[in-house]
Amino acid sequence: MSFFFQELVNGLTTGALYALVALGFSMVYGVLKLLNFAHGDLYMVGAYIGFFVIQWFGGAQHLSIAVPLLLVIMFVLAAGLVGGLGVAIERFAYRPLRDAPRIAPLITAIGVSFFLESSALLLFGAQYRVYNTADFISLSSGIQIGSVTIDSVQILVLVLGVVLMAGLQLLVNRTRLGRQMRAVAADREAAEMLGINVNFVITATFFLGSALAGVAGIMGGLLFNQVTSTIGFIAGLKAFTAAVVGGIGSIPGAMLGGLVIGVAESFVTGYISSTYSNLIVFGILIVVMLIRPSGLLGRAQLQKV
Amino acid sequence: MSVDPQGPKVGADEWVARQAHRREYLPSWLGDAQRRAERIGWWPRLAIAGLAGLALPLLGLGGFQLQVGIDALVIALLAVGLNIVVGWAGLLDLGYVAFFGFGAYGYALLSSSQLGANGIHLPYWLSLPIVMIGAALLGLAVGLPSRRLLGDYLAIVTLFLGEAFVEFTNNVAPSKLGGPNGITGIDPIQAFGVQLLTNTSYFYLLVIVLVVTMAVLRLLEYSRTGRAWRAVREDPLAAAAMTIPVNRVKLSAFACAAMVAALAGTIFAAQQASVFPTDFDTPILILIYAGLILGGTGSIAGAATGALVVMVIYDGLLRSPAEASLLFYGLGLLTLLVKLRPWRRLAAVLGATIALGFAAHAIAAAISSSAVATGPQSSGWLGDGLRDWVIVPANPQTAGNVGFVVLVCLAIALVQVKGRWRTILLVPTIYLAAFVWETRLVVEPSITRQLMIGAILIVMMIARPQGLLGQRRVEVAT
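If you're matching them up, the sequences are chains L and B in order.
For the record, in the first sequence the residue sitting at position 108 is 108 according to our numbering, with numbers rising by one throughout.
For the record, in the second sequence the residue sitting at position 322 is 322 according to our numbering, with numbers rising by one throughout.
If you're looking for bench data, these hints aren't it; they were derived computationally from the structure.
Check before you lean on any hint, since a few could be wrong.
Cβ-to-Cβ under 8 Å is the rule here; a few derived chain L residues that face chain B [unchecked claim]:
no. : residue
1   : Phe92
2   : Ala190
3   : Ala191
4   : Gly195
5   : Phe282
6   : Val288
7   : Met289
8   : Leu296
Here's a subset of chain B near chain L, in silico, CB distances under 10 Å, partners left out [stated by the list, open to error]:
no. : residue
9   : Ala231
10  : Pro283
11  : Ile284
Every residue, glycine too, gets a C-beta built ideally from N, C-alpha and C.
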């Protein structure tokens with residue numbers, strides 16, 4: 001039984017990470033109705049930023065500042081820079097296509113994803129960059145509940161994930177900006193007529209979503225230790241799965257989807273075999289899609305004439 | 001393609017016809033040639049292109065050029081097939097490459113020692129129909145979700161099916177499918193006592209197959225089915241109201257595309273004599289899409305031409321630094337020549353760029369000799385010509401990386417500003433592009449190729465979504 005709970009904890013941790021990536025993806029889909037294929041690559045950029053921050057402060061073994069301060073700098077910098085990158089991508093690649101046929105921005109998004117990935121390859125090389133998390137965060141200092149251990153990185157990821165998700169939920173449901181976002185998501189033209197600055201709302205959404213992906217990138221670096229230019233693609237796929245399983249455009253759906261995918265992956269790896277984990281995750285997606293085409297928490301869309 | 005200069009045809013909407021009239025032609029004699037070429041009909045053009053393709057090996061292509069040609073033809077065949085489902089039926093199928101893989105793996109299993117004690121070695125006339133029918137059935141199965149899933153959801157599900165194919169071939173039944181090591185020792189194509197052994201024969205075969213496929217698809221395009229596909233693309237609800245069986249039409253598009261992809265897969269597997277899971281991964285899908293987008297979705301000739309152009313540039317010219325440099329500067333100059341009007345502005349920009357280069361080089365050399373320590377990394381007369389123009393510091397890698405980031409920022413800024421500022425900003429952008437090229441890109445051809453494909457997808461979609469040969473779709477506001 002302890003094995004079950006251990007896998008559950010591991011699954012919830014990766015699930016929280018997937019959920020954060022899926023949230024940004026889902027938010028962008030909500031306001032623009034665009035599948036942002038480049039979202040996974042923003043996660044990759046975030047992970048690289050974290051790595052270079054560690055290098056800047058002397059590397060994992062010889063850190064020149066306190067670890068909590070380092071973590072704060074990493075997360076803030078990644079959120080800010082990746083958020084800015086997301087806004088730049090929106091301005092350059094997606095805004096000119098806002099009224100184009102649906103297929104055009106999708107293909108542009110694939111192009112942006114490919115461009116980001118090969119830019120990272122050009123700038124940082126093909127080798128794996130290693131965080132060496134264990135050198136500055138003691139993994140043994142965690143919580144021990146019975147025979148289940150939750151190490152400190154997992155605690156960090158879980159707590160930060162829950163805080164960010166709760167914060168986002170508050171932002172979307174309680175603030176003026178959140179109300180505007182929901183209005184734009186419901187009907188962009190009507191929102192514009194009511195005097196909402198649609199461009200600003202879309203920019204803000206892109207910033208928030210991309211910043212979440214950047215934060216998730218650092219969490220991924222801390223958890224999985226390795227960064228390379230292709231990690232974005234896999235992370236993006238998992239986040240798509242999470243967002244779609246939960247219902248694209250629905251924020252609680254993205255959280256639920258992320259956790260479901262994370263836990264499912266962890267159980268498949270633990271109980272069956274790691275070779276089939278991706279296949280089974282994709283299988284879950286396809287089955288959910290066939291049974292509930294708009295996801296677990298999504299609402300069925302009416303087709304308008 | 002051609003528009004009657006006398007005005008709208010009977011039955012054509014006048015406004016649509018006038019929009020179509022506003023075609024862009026290239027300047028001066030190029031535009032004349034373009035108009036004259038437009039008068040040649042579709043079928044003669046296909047015949048000319050086919051004959052030219054068949055004549056190519058007679059010019060004495062070397063082994064490398066022949067291989068590039070074969071790869072380009074395979075991708076062109078795939079792009080023509082993808083056009084059915086994406087261009088005509090308007091369904092974004094991101095799992096298309098799986099059908100290519102299915103065809104290749106299907107042929108590999110039926111024509112190697114992989115299955116059974118002695119293996120199966122079927123002749124091509126038997127294995128091809130089996131593989132194509134199998135692919136069509138798989139296409140129907142993959143198309144099934146398209147009945148319920150709209151637009152974006154379909155794109156995601158098909159993307160996952162494509163990924164699932166790679167995962168499947170990588171992990172399932174390694175003794176049969178070979179896992180990451182793939183299947184090797186595949187028979188060449190053999191039928192009726194003939195074996196295709198040389199690359200030249202595969203080149204001929206591919207040219208013939210491509211031309212025949214294009215001809216069949218052309219007939220299909222204006223058939224009942226073809227018109228139904230486009231009707232479903234434009235408006236499924238209206239199509240359903242016009243008694244078109246929308247679901248069946250969507251499924252048939254998937255099945256047809258899958259069959260073309262499987263056909264390409266069999267030839268690919270036979271020519272390579274081996275298949276690996278990575279041959280059917282996302283980069284290939286993106287290449288096919290890049291070709292289709294460049295040529296123009298919805299046009300058979302566009303899909304084939306676009307794919308050929310993309311592949312010849314990607315696989316052929318960007319492999320060797322000397323040719324890549326010529327292509328880079330040539331294309332850059334050509335774009336400026338075509339896009340920058342009036343020509344006084346063009347002359348000003350070019351003059352300013354050249355002056356800026358020499359001035360920057362002289363200043364940098366005067367400050368520190370290490371700033372210009374390395375010469376341009378392009379070789380030959382191009383490198384010599386640029387020696388005193390472009391700065392290449394002692395540590396080109398770091399400088400090039402910084403330059404690349406600044407260049408991307410400049411390019412984004414260039415799109416945001418207008419009028420005079422854009423002209424002024426253009427000068428340092430061009431110079432910086434040359435700088436990044438000489439310091440970094442020219443020595444990393446494999447990464448440059450990927451960057452280029454990504455840039456093609458973005459820029460084409462923004463600047464010319466209809467592609468080079470496609471027709472601009474008139475959007476009706478809903």
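Hint compliance check: list the failing hint numbers for this structure, sorted ascending. 2, 3, 4, 6, 8, 9, 11
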